[in-house]
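Below, each chain spelled out in residue letters.
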Amino acid sequence: MQNFVICDATIGLPRLRAGGIEPTVADLLSEMGRLRVRKAIVRHRLCLDVGPYHGNQALMEEIEGQPDLLAAWAVTPDGRPPDFSPVSLVKAMLDDGVKAAWLAPKAHGFPPQPWCAGALYGALEEAAMPLLVAHDDLTGDDIDAIGRAFPRLRLILLECPRLGRNRNLYPLLERHENLFLCVAPPFSVHCGLRDLCRRFGAHRWVLGSGYPEAEGGAAIAGLMYAGLSDEDAAAIAHGNIERLLEEVRHDDR
Amino acid sequence: MTTGDRFVEKALEGEPIDQCTVIDIHGHIGPEAPDFPIADPGLEAMIASMDRMGIDLACVSGLPGLFGDAARGNRLVQNALERYPDRFWGYITVDIGYPKRIYPELERRLEVGFRGIKIWSTGLRPGLPYDHPNYEGVFDFANVHRLPVLAHTWGDELDQLEPAIQRSTNVHWLLAHAGAQQVEKYVRFARTYPNVFLELAWSKCPRGLVEYFVDEGLADNVVWGSDATFLDAAQQLGRVLFAKISPRDKQKILGENAHRALRLQT
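Quick note, the sequences are listed as chains C and F, same order.
Per our numbering, the first sequence starts with residue 41, numbered consecutively.
Per our numbering, the second sequence starts with residue 3, numbered consecutively.
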């Protein structure tokens, strides 16, 4: 297969140099070429290190002119200055062609429960905009509460752990049909992808590479050797996330 | 578009690696760990998974043996050795907290075809440090019988193991999860001790670690292990298949070095 779309890339230099890897746009594009990754949903590290909206602006500046890099903005329940409205934040994202959002409640200092972030979830749900969030940023109770209050919100869990046939995630997947998993290191589970497809179908899993920390080839091999049908493998490699992005609604009224 | 590297080409198409021997030097058999069940733990699923990737041989220990039930864990491995003698190779596990049980279990399993020992001291349910006296008999047994010892390590354990590595020179020491922490220490051990091999399994699949070991001149000292069924062998295999190293070094890491480390005859 020569067609992969990854959903979990993060660019931006860490505050202190770590190892020999510099996660710049050039480095990401080089990795994408090596791994046959056609498109990547990209976030910016400065969203965590400096602030969400500073990081979003840096992201847009750095990926400008790169049609294969798709921005995911960090979002907060209070929106951004000057109007602090999550509804207008989502509208601004759509106006800028941004079709994915990223929630980082621990870094940005808010509880992800609907009583705090409900207006944001509602705006994202209305736009059918996928919301990326790291597995460890939410508890099972958080996911359940969000899924019950906003059942059409497309929630994509990143950085899922390696824990086998997961006793936390499986009941949540059964309860919430718009809960999606990004399969990438460290989701390294023997027969895990096959089991997910057998129980829930192939339409709820998207691919990640763990860029910049992980060897992206691990994710590619994990998918290609999972023993799935060509159709299911293609759905996970690129089809599912392409469908979600195509379904994002921009209401100009 | 092609890469010119058949390992990468095979992986991109999901085709089995058939251009060299592939030995998974770190595997497990068993239905569950304390905090999760294995989705499909059967031997048939393992063989099917190995066939998809082109893994010729999986070297396994019993998961129950890591957590305190060595006899039943070893029985699972023995069953695999009996049913698929060409595909599995067995490590003995022992209940390290009970010295009187250790030697009989080692003897019993050696007689029926196990050829290595797996030790595991840390994790959520800690066992004994590797420099505890209970391990001395285990290491002496391995030294007398020239058995490889696969040791779960996470950096600090190397200090506990160093005296045994120096003393038990007939043992090939396989340091699992090499580079997960204190990577320079692993490099030092591999350079200092000719009977040390570095095993790669780690769920985080860190970018550049395989290349780092090769750049440090250790292409002959690194062995590939998956930690399946704890982990997914395919992801772990991908770390080597896609690594930015030569195809020749991939051959060594995927099988040739393990052949030497395990003292395989054929």
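By construction, these hints were calculated from the structure, which means they are not laboratory data.
One should not assume that every hint holds.
Part of the chain C face toward chain F, derived, beta carbon under 10 Å [as the list claims (entries may be wrong)]:
#1 Arg85
#2 Ala185
#3 Pro211
#4 Pro225
#5 Pro226
#6 Phe227
#7 Leu233
#8 Pro252
#9 Glu271
#10 Gly279
#11 Glu282
#12 Arg289
Simulated restraints, written as ranges between beta carbons of each label pair [to be verified]:
#13 F/Asp20 / C/Asp136: 16 to 22 Å
#14 C/Asp270 / F/Glu213: 48 to 54 Å
#15 F/Gln21 / C/Ala159: 53 to 59 Å
Anything over 12 Å on all C-beta distances counts as not near chain C; from chain F, calculated [stated by the list, open to error]:
#16 Trp204
#17 Val212
#18 Lys246
Even glycine gets a Cβ: it sits at the ideal position worked out from N, Cα and C.
Each hint tested on the structure:
{"no.": "1", "hint": "Arg85", "verdict": "15 Å, violated"}
{"no.": "2", "hint": "Ala185", "verdict": "24 Å, violated"}
{"no.": "3", "hint": "Pro211", "verdict": "14 Å, violated"}
{"no.": "4", "hint": "Pro225", "verdict": "4 Å, holds"}
{"no.": "5", "hint": "Pro226", "verdict": "4 Å, holds"}
{"no.": "6", "hint": "Phe227", "verdict": "8 Å, holds"}
{"no.": "7", "hint": "Leu233", "verdict": "8 Å, holds"}
{"no.": "8", "hint": "Pro252", "verdict": "7 Å, holds"}
{"no.": "9", "hint": "Glu271", "verdict": "13 Å, violated"}
{"no.": "10", "hint": "Gly279", "verdict": "16 Å, violated"}
{"no.": "11", "hint": "Glu282", "verdict": "19 Å, violated"}
{"no.": "12", "hint": "Arg289", "verdict": "35 Å, violated"}
{"no.": "13", "hint": "F/Asp20 / C/Asp136: 16 to 22 Å", "verdict": "49 Å, violated"}
{"no.": "14", "hint": "C/Asp270 / F/Glu213: 48 to 54 Å", "verdict": "31 Å, violated"}
{"no.": "15", "hint": "F/Gln21 / C/Ala159: 53 to 59 Å", "verdict": "57 Å, holds"}
{"no.": "16", "hint": "Trp204", "verdict": "8 Å, violated"}
{"no.": "17", "hint": "Val212", "verdict": "8 Å, violated"}
{"no.": "18", "hint": "Lys246", "verdict": "8 Å, violated"}
The earlier numbered hints that this structure contradicts are 1, 2, 3, 9, 10, 11, 12, 13, 14, 16, 17 and 18.
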